[in-house]
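Could you slot chain W onto chain A? The hints should help.
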Amino acid sequence: MTQREVLFTGVGGQGVQIASKALAMAALAEGRDVLLLPSYGGFMRGGKTNAGLTLGDGPLRALPVITSAWSAFVMDQAFWETVRPNLAAGAVVVVNSSLFSLEVEVPRAQVFAVPASDMATALGSPMSAAFLMLGAFAAVTGVVGVESVVGAMRQLVPAYREQHVAANARAIEAGAASVPTLAAPAWPDVAVRS
Amino acid sequence: MTTRLMQGSEAVAEAALAAGCRFFSGYPMTPFTELLENMGRKLPGAGGVCMNAASEIEAVNMTIGAAATGARVATGSCGQGLALMQEGIAELALNELPAVIFNMARGQQDYFQATRGGGWGDYRTITLAPRDVPEAVEHTQLLFYLADRYRTPVVLYGDYVIAHSTVGIDVQPIEFPATAPKDWALDGSMSGTGRARQIWTWALGKPNTPGPGPNGSWELIAEKYDQIGRAEARHEAYRTDDADVVLVSFGTTSVFVDSVVDELREDGVRVGSFRPITLWPFPGDALEQATRGCAHVLVYELNAGQLVDDVRMHAADRSVIRSIGGVSQDPSGMRQGDLLNADILRHRVRDALGLTPQGATS
Numbered sequence: 006m007t008q009r010e011v012l013f014t015g016v017g018g019q020g021v022q023i024a025s026k027a028l029a030m031a032a033l034a035e036g037r038d039v040l041l042l043p044s045y046g047g048f049m050r051g052g053k054t055n056a057g058l059t060l061g062d063g064p065l066r067a068l069p070v071i072t073s074a075w076s077a078f079v080m081d082q083a084f085w086e087t088v089r090p091n092l093a094a095g096a097v098v099v100v101n102s103s104l105f106s107l108e109v110e111v112p113r114a115q116v117f118a119v120p121a122s123d124m125a126t127a128l129g130s131p132m133s134a135a136f137l138m139l140g141a142f143a144a145v146t147g148v149v150g151v152e153s154v155v156g157a158m159r160q161l162v163p164a165y166r167e168q169h170v171a172a173n174a175r176a177i178e179a180g181a182a183s184v185p186t187l188a189a190p191a192w193p194d195v196a197v198r199s
Numbered sequence: 035m036t037t038r039l040m041q042g043s044e045a046v047a048e049a050a051l052a053a054g055c056r057f058f059s060g061y062p063m064t065p066f067t068e069l070l071e072n073m074g075r076k077l078p079g080a081g082g083v084c085m086n087a088a089s090e091i092e093a094v095n096m097t098i099g100a101a102a103t104g105a106r107v108a109t110g111s112c113g114q115g116l117a118l119m120q121e122g123i124a125e126l127a128l129n130e131l132p133a134v135i136f137n138m139a140r141g142q143q144d145y146f147q148a149t150r151g152g153g154w155g156d157y158r159t160i161t162l163a164p165r166d167v168p169e170a171v172e173h174t175q176l177l178f179y180l181a182d183r184y185r186t187p188v189v190l191y192g193d194y195v196i197a198h199s200t201v202g203i204d205v206q207p208i209e210f211p212a213t214a215p216k217d218w219a220l221d222g223s224m225s226g227t228g229r230a231r232q233i234w235t236w237a238l239g240k241p242n243t244p245g246p247g248p249n250g251s252w253e254l255i256a257e258k259y260d261q262i263g264r265a266e267a268r269h270e271a272y273r274t275d276d277a278d279v280v281l282v283s284f285g286t287t288s289v290f291v292d293s294v295v296d297e298l299r300e301d302g303v304r305v306g307s308f309r310p311i312t313l314w315p316f317p318g319d320a321l322e323q324a325t326r327g328c329a330h331v332l333v334y335e336l337n338a339g340q341l342v343d344d345v346r347m348h349a350a351d352r353s354v355i356r357s358i359g360g361v362s363q364d365p366s367g368m369r370q371g372d373l374l375n376a377d378i379l380r381h382r383v384r385d386a387l388g389l390t391p392q393g394a395t396s
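Heads up: the protein sequence lines correspond to chains A and W, in order.
For the first sequence, the residue numbers in my numbering are 6 to 199.
For the second sequence, the residue numbers in my numbering are 35 to 396.
Hints were generated in silico from the structure; no laboratory data involved.
From a predicted model like this one, the values you see are computed outputs, not experimental measurements.
Treat the hints with caution; some may be incorrect.
As the list claims (entries may be wrong) - Simulated crosslink set (DMTMM-like; lysine to aspartate or glutamate; CA at most 20 Å straight-line): (1) 240(W) with 372(W); (2) 240(W) with 266(W); (3) 76(W) with 172(W); (4) 53(A) with 364(W); (5) 53(A) with 372(W); (6) 240(W) with 351(W).
Excised from the complex, chain A in its bound form:
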């Protein structure tokens, strides 16, 4: 059984929570087992907002607090230090390089820099930056299909924000196109799957 862990980090308001939930939902739709635990304090915006997600191709034997993660989804450098020590050597680290300029001090890390905030702004929807990152994350790892991310996003965006669905979908596609496809595959059988 292969199990994959993703640590999400960012600042409240950037979309980290919805991105983590979208990845969990996309994986569930693809038949994976999932365990997601968010972690945030008493801030609506501006504070630490993290999440830990474990995905598996069978019943999980997962701990809700992850200390040796396969990958990181880094929306912002502000709370990077809360994630870095919990990454395994060789971790896949996808960073929003618009808001991240630190050294990734993880042994043998495979780093993919996506200027997600700048790209989303150029696309006319700065609020879609987290979905752009998620599109890139899905494409580079194949942890879920890009189309599954779009499907999960459609389910998660509430009806009163329906107007953002098209922009989010464009952002997911743009993110996916900005990285080398399957440069760091998540699953042994991923090439067959996609």
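This is chain W only, laid out in the frame that chain A set:
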């Protein structure tokens, strides 16, 4: 079967509905808030009522009233709010009213509160401590059954991890044996007959139908809790058969403990784990059996030492018991802190056993 992505709070709410819960009241307090929100969303559609009370004291007293009508009812909070509810929980017990009380605790510091109670009088609360969301779904339904079966308040000891973990889950109703008809319920059916029912602490009764009186009522209630103590203790013993070392923990901490047991077994350490599933009644006989002949009994709980009291009462050899947990609160104050961590736990176990650090050569 439809598996949906659900937060633990929503899954527990679905389980409560599946068990027939039709009244819920509470006052928001993280990490209990999401359970209240989910009950508020779901209960009206199921023909039930959810009240956002003005305080925890109001919430528990609403629950007493709703329980007296014979409906399946629940309330909850985290430990702080449950502190306010203790008088009401005692009244539920002494009026013999069934109710489920959800403690979505901010950590593991409410073990005494759950197992010793803070109300008045000779009563206990059956307390189940699930290790994860699927078990919380099962325990929620079991608790509604046990509450009715024994006419007593019962407690689910959850926490932030259970309330906020999101998993794919399909909540299905669980079948339990039928419970006795609620011929005590204040449902208005006896009005005007001269034999109208009454629920009153100590079952004091009325001049023409006197109850057992204070002493008789205490004796009946004591006998009931005695019976529960003998019949309802539940536990899980994991790899304890040949264990030289037994780790004891409860609730979500046990997930981390079992994981460390597997790792240490690979290193050749003969270690197992024991967890009370019911914090009360405590599975003392099972612990005695699981720890017989052990050289070490190590208690990992994230508080200053509460479960360890029960372990001292029941382990086969008191002299080998040691606490290796401790106070551990997150900076937000709403969840367990740094000790909810497999690496730290593994180090503490190895230290306690005098093993060389991993990777070091001796």
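Q: Mind listing which of the numbered hints don't hold for this structure, in increasing order?
A: Of the numbered hints given earlier, those the structure breaks are 1, 2 and 6, listed in rising order.
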